[in-house]
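J.: If you want the building blocks of each chain, they are given just below.
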Amino acid sequence: MWVLLGIAVIVAGFVLRFNPLLVILASAVVTGIAAGLDPVVLLAAFGKAFNEARYVSIIWIVLPVVGLLEAFGLQERARGLIGRMRGATVGRFLTGYLLVRQGLAAVGLTSVAGHAQTVRPLVAPIAEAAAERQAGDLDDAEREKVKAMAAATDNVGLFFGEDIFLAIGSILLIKGLLEQYGINLEPLQLSVWAIPTAIAALLIHGFRLWRLDRRLNRADRP
Amino acid sequence: MITLHWVYALAGAIFAAFAILGVADKSNKRARRTAAFWALLALSMWAGDALGDLGNGVLVLGLVGLAASGLGRGSGAVADAVRQERAGRFGNGLFAIALVIPVTALVGTLLFKEMPGWVDGKQATLIALALGVLIALVMGCLWLRASPVVPLQQGRRLMDQVGWAAILPQMLASLGAVFALAGVGDAVGGLVSQAIPQGSLLGAVIAYGLGMALFTIVMGNAFAAFPVMTAAIGVPLLIRTYHGDPAIVCAIGMLAGFCGTLLTPMAANFNLVPAALLELKDKHGVIRQQVGTALPLLAVNIALIYWLAFP
Chain P
1 MWVLLGIAVI
11 VAGFVLRFNP
21 LLVILASAVV
31 TGIAAGLDPV
41 VLLAAFGKAF
51 NEARYVSIIW
61 IVLPVVGLLE
71 AFGLQERARG
81 LIGRMRGATV
91 GRFLTGYLLV
101 RQGLAAVGLT
111 SVAGHAQTVR
121 PLVAPIAEAA
131 AERQAGDLDD
141 AEREKVKAMA
151 AATDNVGLFF
161 GEDIFLAIGS
171 ILLIKGLLEQ
181 YGINLEPLQL
191 SVWAIPTAIA
201 ALLIHGFRLW
211 RLDRRLNRAD
221 RP
Chain V
1 MITLHWVYAL
11 AGAIFAAFAI
21 LGVADKSNKR
31 ARRTAAFWAL
41 LALSMWAGDA
51 LGDLGNGVLV
61 LGLVGLAASG
71 LGRGSGAVAD
81 AVRQERAGRF
91 GNGLFAIALV
101 IPVTALVGTL
111 LFKEMPGWVD
121 GKQATLIALA
131 LGVLIALVMG
141 CLWLRASPVV
151 PLQQGRRLMD
161 QVGWAAILPQ
171 MLASLGAVFA
181 LAGVGDAVGG
191 LVSQAIPQGS
201 LLGAVIAYGL
211 GMALFTIVMG
221 NAFAAFPVMT
231 AAIGVPLLIR
241 TYHGDPAIVC
251 AIGMLAGFCG
261 TLLTPMAANF
271 NLVPAALLEL
281 KDKHGVIRQQ
291 VGTALPLLAV
301 NIALIYWLAF
311 P
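Line by line, the protein sequences give chains P and V.
Numbered according to my numbering, the first sequence spans residues 1 to 222.
Numbered according to my numbering, the second sequence spans residues 1 to 311.
Among the hints, erroneous ones may be present.
[Claimed, not checked] Calculated Cβ distances over 10 Å to all of chain V for the following chain P residues:
| # | residue |
| --- | --- |
| 1 | L16 |
| 2 | A44 |
| 3 | M85 |
| 4 | R86 |
| 5 | A113 |
| 6 | L122 |
| 7 | R133 |
| 8 | E142 |
| 9 | E144 |
| 10 | S191 |
[Said to hold, decoys possible] Once the Cα atoms are required to be at most 27 Å apart in a straight line, the calculated DSS-like pairs of lysine-lysine come out as:
| # | chain 1 | residue 1 | chain 2 | residue 2 |
| --- | --- | --- | --- | --- |
| 11 | P | K48 | V | K29 |
| 12 | V | K113 | V | K283 |
| 13 | P | K175 | V | K283 |
[As the list claims (entries may be wrong)] Label pairs and their computed distance ranges (CB to CB):
| # | chain 1 | residue 1 | chain 2 | residue 2 | range |
| --- | --- | --- | --- | --- | --- |
| 14 | P | R214 | V | G183 | 49 to 55 Å |
| 15 | P | F18 | V | Y242 | 21 to 27 Å |
| 16 | V | T3 | P | G80 | 20 to 26 Å |
| 17 | P | R218 | V | L111 | 45 to 51 Å |
If you are wondering where the hints come from, they were derived from the structure by calculation, not from laboratory data.
Backbone N, C-alpha and C fix where the C-beta goes; we use that ideal spot for every residue, glycine too.
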């Protein structure tokens with residue numbers, strides 16, 4: 001039961017806003033000691049896992065492309081483009097992106113979009129420009145909110161689209177785990193049951209985006 | 001055959017370039033420390049497999065030490081007026097270059113799976129993504145007549161803005177491995193199975209859905225929560241005692257966990273990294289925007305399990 005102290009360290013560390021990297025290391029040390037692991041074994045285990053998880057940090061290689069294009073006016077161009085489209089609102093644009101993101105994830109294409117690949121260079125600046133046009137001028141809080149909503153929309157689209165795909169990690173994990181209990185299922189039997197939640201996610205998040213539009217449009221009126 | 005190691009070599013080269021360009025940035029008072037951080041990451045990408053487990057552990061200590069002592073941020077942004085002028089000059093071709101990466105990733109993913117001798121099919125998307133980056137860089141530099149140093153300088157500026165948060169997802173994944181080694185999941189499962197109400201199907205369904213979300217919030221990952229909650233409640237109660245359809249219970253149970261992912265700073269790559277990347281003042285700004293979707297959707301998931309899995 002003492003191994004749960006590591007979780008307490010994580011929660012306390014995040015709440016008290018220590019440097020999260022230090023908090024993670026402290027949690028690993030506390031968990032390891034509670035489990036009776038030798039410190040050297042613990043450090044080696046952490047190092048091994050860190051090395052095996054390197055693929056997680058590969059995504060940063062897109063930054064030079066994003067930086068180059070931004071230096072040559074990508075965000076300004078995105079603003080200009082949306083400024084000329086009549087009827088383009090931040091809510092409609094993000095709902096469209098949500099649909100595309102869910103659709104791509106549902107056919108297994110989870111990494112073709114994402115925060116570094118699409119949100120920072122394209123989705124967030126377009127959303128910001130559309131919101132600017134709707135509300136006249138955005139204050140800092142509204143600007144932050146629109147940008148954060150662009151990132152949130154990417155997450156919702158990914159999470160509630162990907163499980164419709166047969167060969168995604170979570171579906172294979174479910175299949176593998178149930179086999180240990182003697183229950184044999186095909187991936188298709190599992191993935192079809194991701195569809196009701198995918199529709200619910202589209203409706204709920206779409207409704208919130210519609211409300212965001214209404215609030216921004218109202219701000220325009222004197 | 002092209003494998004993930006080629007991509008690691010490319011990533012190492014880019015981090016190394018960030019480090020070298022960073023040392024020369026006089027505007028950053030902590031230029032050396034910041035450069036050392038990116039240099040260690042380059043070393044990890046290039047030589048991680050040769051360092052050994054303990055060597056990698058020491059490398060992590062170095063990264064965390066540098067991050068905790070405070071990294072600086074470089075400068076080098078292009079002036080607004082210049083960007084505005086260039087936007088007018090280069091026009092919509094900028095979008096074409098931006099779309100090279102997702103399109104290459106898409107086409108490559110589909111194509112590489114048909115070429116098993118050439119490319120490691122399991123890593124097709126990441127390899128295609130890296131290829132897309134290279135194509136976009138070459139096309140961009142040629143068309144915009146930019147020196148190859150420009151994308152690396154600008155990339156470094158963006159990387160400095162993200163800072164140590166760049167390795168947060170990788171660190172959390174490693175912590176998950178330590179938790180697994182120490183048996184944290186089993187301990188939580190033991191607690192949960194004592195806490196659920198006896199004799200109520202609805203109570204058990206709610207405990208399973210909420211448990212998936214809560215444990216995902218703590219661990220930052222529904223994959224870690226799923227085996228624990230399914231062993232504690234899903235299989236013994238929902239499937240064996242109440243004869244729920246295992247496919248529905250588990251598929252939607254996992255999605256209840258995903259609602260938890262939307263709510264936790266522990267899922268750093270989805271929630272904290274974009275806040276850094278978009279330069280939000282509020283580190284938890286993305287999570288705040290997700291609460292209004294995650295909570296109703298969690299309720300929907302619990303209701304769906306209750307209605308669909310128990311006819």
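J.: Against which earlier hints does the structure fall short, listed by number upward?
T.: 2, 5, 6, 9, 10, 11, 12, 13, 15, 16
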